[in-house]
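Enquirer: Protein sequence lines correspond, in order, to chains A and B.
Position 156 of the first sequence, counted from 1, bears residue number 156 in this note's numbering, the numbering being contiguous throughout.
Position 10 of the second sequence, counted from 1, bears residue number 10 in this note's numbering, the numbering being contiguous throughout.
No lab work stands behind these hints, which were simulated from the structure alone.
Built from N, CA and C at the ideal position, the CB exists for glycine as well.
Treat the hints loosely; a few may be bogus.
[Claimed, not checked] A partial selection of chain B residues facing chain A, derived with a Cβ cut-off under 7 angstroms:
#: 1; residue: G36
#: 2; residue: E73
#: 3; residue: A78
#: 4; residue: Q85
#: 5; residue: F98
#: 6; residue: P101
[Claimed, not checked] In silico negatives: residues of chain B with every beta carbon more than 12 angstroms from chain A:
#: 7; residue: N2
#: 8; residue: V10
#: 9; residue: A67
#: 10; residue: S68
#: 11; residue: G74
#: 12; residue: A94
#: 13; residue: E112
#: 14; residue: K114
#: 15; residue: G115
#: 16; residue: G116
#: 17; residue: D121
#: 18; residue: E122
#: 19; residue: L124
#: 20; residue: I141
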Amino acid sequence: MKAVGARLPRYDGLGHVTGRTQFVDDVRVGKTLWVKALRSTHHNAAITSLDTSKAEAMKGVRAIITHKDVPKNVYGHLEGLGVPGDEPLLADGEVRWLGQPIAAVAAESEAAAQAAVEAMEISYEERPALFDIRNALDPDAPEIHQWGNVYPHYGPYNHRRVRKGDIDRAFDEADTIVEGVYRPQAIEQVPMETQVSLVVPEASGRLTIYSCTQAMYFSMGVVAAHLQVPLNKLKFVGGTVGGGFGGKVDTATETICALLALKARKPVKWRWTREEEFLVSSTRAPWHIELQDAVSKEGWILGRRTVTLHDSGAYARFSPYGLTKHAFHHSGAYTIPNLRFDGFVVFTNRVPTTAMRGFGVTSVSFAVETHMNRIAEVMGLDPWELRLKNANRIGDTSGNGVVLKDPSTVAVTLAAADRVGIELSAEYRGMNEEPRTGALLPEHLVAQQNLNGEGA
Amino acid sequence: MNLIVNGSEVEIVSPPLTPLLHVLRDELDITGPKAGCQQGGCGTCTVLIDGEPRRSCLTAVAAVDGASITTIEGVGQAEELSAVQAAFYKHYAAQCGFCTPGMVLAATALIERKGGPVERDEVLEALGGHYCRCTGYVKIIDAVMAASRGEVDSVDDLPVPEPGQPEVLPKGSPA
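Okay, chain A solo, but in the shape it has when bound:
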């Protein structure tokens, strides 16, 4: 623990300040081909024809791939858990979001690759699109995903559930019910380095893949699955990421580059433009979060009902995992003895969504903290005292049954109050995270307390 608290130089700092840090785009390999993609110009459409022959005949074009060139085109991140894949690497017969890749070309220059894309002939039959998660279950909503508009693979359920205590009793006993709807929206992560990879076919038959991925082993697994090759055929070189913020968890360019490198038998690079980064890279998801809290006049949160809709975009990717994290954090940093949470991953004709800085958690934290202020306002309570009173303590049980051993809510709340100059009464100023006793252990919290450390 000697490094904790010590002022240590950044191990990569000298490389950064002298410009010597080698990002993927800085790797120099001779005779590298450039990639461009034919992308959907519709939000939802059948592809009625696709002809790449003119593009193939163009000067400088070395390889073109469509779904027919992908050994395993449809893949899903949760296949290891038994959830079938749902997303094609290259669109096959239909497109579900504006910008979805359909074909990709490797050519001797960026301009030649772009010209080849523009020479591809494609026709569509447009279909009605779904953009608003709140309309996804309407009787007249278009069904836009093969599983229906809601992800159906949470065990026996089509949604993530949390059940704790007796929610009906909590609402019967409440003095006031405080409701709120919170709708954090999509955000593009905007790393300064756009998505980029460089794939070099080696004489041994292996592929060397220079990748800006944030998630090396995820990315290796994705490429290996689509190519249907063992991991030892892939040598990933990563570790230098020009900003990611969650946006480089998805494998954006590596698989298509790898297929083109194999087909052209040349090094292949794909560096997305800033427009591609904004328009077609995965974003943080929009959410629709409804909170309903049963509150006593003393300021105890007796119970919480939550309905969450998560906009997954056109395919599942990591959204079911993000929603699960969201579920585990939906009581925030507070102990609520009775919970009923129902969260749905909803498909829309938007760009698939992914991680960004606290995948799934930031949205629910925003909702919970805003809701705490709303409760304080409705009940005429001090928002700091409300938080400290309901704060997690040692021995409290979280919504998903974890007994808390080192909760920090009290310490963090007190420090925050101190920093912004809030004067708390002595009763609250002297609080700590020790197990509840006395006035802080009312009858309704006794059953959730567990000082033996065993999970519920």
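Starting from the known structure of chain A, arrange chain B on it as the hints suggest.
Expert: Frame of chain A, contents of chain B only:
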């Protein structure tokens, strides 16, 4: 066409309207200037043209024929950092490092122009067109002001772990 790049004269064979950024990166293999947006918006491609910070992505090479170009590679090496580089290093003003070359060059030009300590507002003005998504800018602004006051001039000025602490040597990027 000819350019003087980091003190050396080079002949350029790229077509005249090629962005200076591509000439530097693809013809000359000088990769310090980065292709962040290629539309003048982000500042990662910044170089000094005759001492002034300019967007190399929006500059046609023919427009700067004969000019002196300074990239981050011409500012200082790991063994002899410039004051601005040392300040960025010491103040932890670089995180992912992608915006850092442009930031360092713009800050260098500001301090050169001012010839003495710079104010916070002047740093905000000079770096206003440079995006950083990692640091939140505070450390960058602190570093530029410290460099302008001559507070940081050597790598030796860095914190060194106490004896018995784990050895963490500043080796530069592993890549």
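Enquirer: Each hint: holds or not?
Expert: Structure-based check of each hint:
1. G36: holds (5 angstroms)
2. E73: holds (6 angstroms)
3. A78: Holds. Min distance 4 angstroms.
4. Q85: holds (4 angstroms)
5. F98: With a minimum Cβ separation of about 4 angstroms from chain A (threshold 7 angstroms), the hint on F98(B) holds.
6. P101: Holds: closest Cβ of chain A sits about 4 angstroms from P101(B), inside 7 angstroms.
7. N2: holds (23 angstroms)
8. V10: holds (17 angstroms)
9. A67: holds (20 angstroms)
10. S68: holds (18 angstroms)
11. G74: Answer for G74(B): violated, closest chain A Cβ roughly 9 angstroms.
12. A94: violated (4 angstroms)
13. E112: holds (17 angstroms)
14. K114: holds (21 angstroms)
15. G115: holds (22 angstroms)
16. G116: Nearest chain A Cβ is 22 angstroms from G116(B), so the label holds.
17. D121: holds (24 angstroms)
18. E122: Correct as stated: the minimum Cβ-Cβ distance to chain A is 21 angstroms, above 12 angstroms.
19. L124: holds (19 angstroms)
20. I141: holds (16 angstroms)
Violated hints for the displayed structure, listed by number in ascending order: 11 and 12.
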